[in-house]
Amino acid sequence: MTMQDFKPQHFNWRVEGKVALITLSRPERKNPITFESYAELRDTFRALATADDVKAVVFGSNQGNFCSGGDVHDIIGPLLERDMQGLIDFTRMTGDLVKAMRACPQPIIAAVDGICVGAGAMIALFCDMRLGTPAAKTAFLFTRVGLAGCDMGACAMLPRVIGQGRAAELLYTGRSMSAEEGERWGFFNRLVAADALESEALALAKKLAEGPTFAHAMTKTMLHHEWAMSLDQAIEAEALAQAICMQTKDFRRAYEAFIAKAAPVFEGN
Numbered sequence: 034m035t036m037q038d039f040k041p042q043h044f045n046w047r048v049e050g051k052v053a054l055i056t057l058s059r060p061e062r063k064n065p066i067t068f069e070s071y072a073e074l075r076d077t078f079r080a081l082a083t084a085d086d087v088k089a090v091v092f093g094s095n096q097g098n099f100c101s102g103g104d105v106h107d108i109i110g111p112l113l114e115r116d117m118q119g120l121i122d123f124t125r126m127t128g129d130l131v132k133a134m135r136a137c138p139q140p141i142i143a144a145v146d147g148i149c150v151g152a153g154a155m156i157a158l159f160c161d162m163r164l165g166t167p168a169a170k171t172a173f174l175f176t177r178v179g180l181a182g183c184d185m186g187a188c189a190m191l192p193r194v195i196g197q198g199r200a201a202e203l204l205y206t207g208r209s210m211s212a213e214e215g216e217r218w219g220f221f222n223r224l225v226a227a228d229a230l231e232s233e234a235l236a237l238a239k240k241l242a243e244g245p246t247f248a249h250a251m252t253k254t255m256l257h258h259e260w261a262m263s264l265d266q267a268i269e270a271e272a273l274a275q276a277i278c279m280q281t282k283d284f285r286r287a288y289e290a291f292i293a294k295a296a297p298v299f300e301g302n
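Residues in the sequence shown are numbered from 34 upward in steps of one, following this note's numbering.
Keep in mind that the hints were calculated from the coordinates and are not lab data. Wrong hints could be hidden among the right ones.
Calculated lysine-lysine pairs in the PhoX-like style (CA-CA distance at most 20 Å, straight line) [to be verified]:
(1) Lys240 to Lys282
(2) Lys294 to Lys51
(3) Lys253 to Lys240
(4) Lys253 to Lys132
(5) Lys51 to Lys253
(6) Lys239 to Lys253
(7) Lys282 to Lys294
(8) Lys51 to Lys239
(9) Lys40 to Lys51
What follows is a list of derived Cβ distance ranges for each label pair [said to hold, decoys possible]:
(10) Leu256 to Lys282: 21 to 31 Å
(11) Arg125 to Lys240: 13 to 23 Å
(12) Ala276 to Leu256: 11 to 21 Å
Keep in mind the model is a prediction, meaning the values are calculated, not measured. C-beta: ideal position from N, C-alpha, C; glycine also.
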């Protein structure tokens with residue numbers, strides 16, 4: 034499957050080489066997410082699992098903001114009119130988005146500027162790496178609207194990224210995490226200037242896309258699956274995973290390039 038000609042209806046999409054760039058639309062409202070964009074993003078990340086022309090993804094910001102979360106008028110208001118089954122259908126759909134992000138083999142890099150709250154913060158959290166700007170403000174503000182902090186996997190994922198105590202503070206209070214805190218706590222891999230954010234994220238994604246992409250996919254798989262393993266199980270699983278990677282042509286290409294004192298050219302197989 035190829036994604037070059039993919040034309041989503043509810044968010045922005047472009048492909049540069051082997052890297053796809055996603056940004057949310059409606060920057061005048063700080064890029065909220067809607068029922069339609071939730072579903073289309075979920076389906077897109079599911080499709081990326083079998084895409085052979087996209088090797089890395091950047092989930093970027095649009096005109097100074099990442100995402101303002103669920104749209105008040107398009108999501109929060111209508112949810113008040115749903116019965117329990119309708120509410121479960123919605124919450125399972127939001128969870129399916131981040132599960133699809135975890136399951137797709139491509140590394141996903143969030144490029145976060147400005148507002149990154151609610152569902153937007155969860156999208157950033159479930160990216161594999163995050164770059165931020167000094168203006169980034171991240172908040173898991175579910176309790177601010179009378180909901181629990183346990184949304185879209187927040188109580189499982191956020192403690193793994195920034196630690197239990199810090200995650201508890203953010204999830205109980207709904208307060209904003211500053212960019213400096215985010216970098217110090219490990220939420221952001223690094224901070225960059227706003228005018229360099231997209232180019233830095235694309236450069237990192239392109240570097241990954243040129244690498245041994247089968248091995249990157251295996252790394253992503255093991256990073257997620259080993260959460261549920263004992264240490265001995267993880268060591269054994271990594272032994273099997275690495276043996277599989279040793280059968281790839283990219284492993285041989287790296288060896289032959291080393292012998293020839295040249296840079297390896299990986300092809301992802």
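Evaluated hints:
| no. | hint | verdict |
| --- | --- | --- |
| 1 | Lys240 to Lys282 | 19 Å, holds |
| 2 | Lys294 to Lys51 | 26 Å, violated |
| 3 | Lys253 to Lys240 | 16 Å, holds |
| 4 | Lys253 to Lys132 | 13 Å, holds |
| 5 | Lys51 to Lys253 | 18 Å, holds |
| 6 | Lys239 to Lys253 | 17 Å, holds |
| 7 | Lys282 to Lys294 | 18 Å, holds |
| 8 | Lys51 to Lys239 | 7 Å, holds |
| 9 | Lys40 to Lys51 | 16 Å, holds |
| 10 | Leu256 to Lys282: 21 to 31 Å | 23 Å, holds |
| 11 | Arg125 to Lys240: 13 to 23 Å | 35 Å, violated |
| 12 | Ala276 to Leu256: 11 to 21 Å | 18 Å, holds |
Hint check: violations occur at hints 2 and 11; the rest are consistent with the structure.
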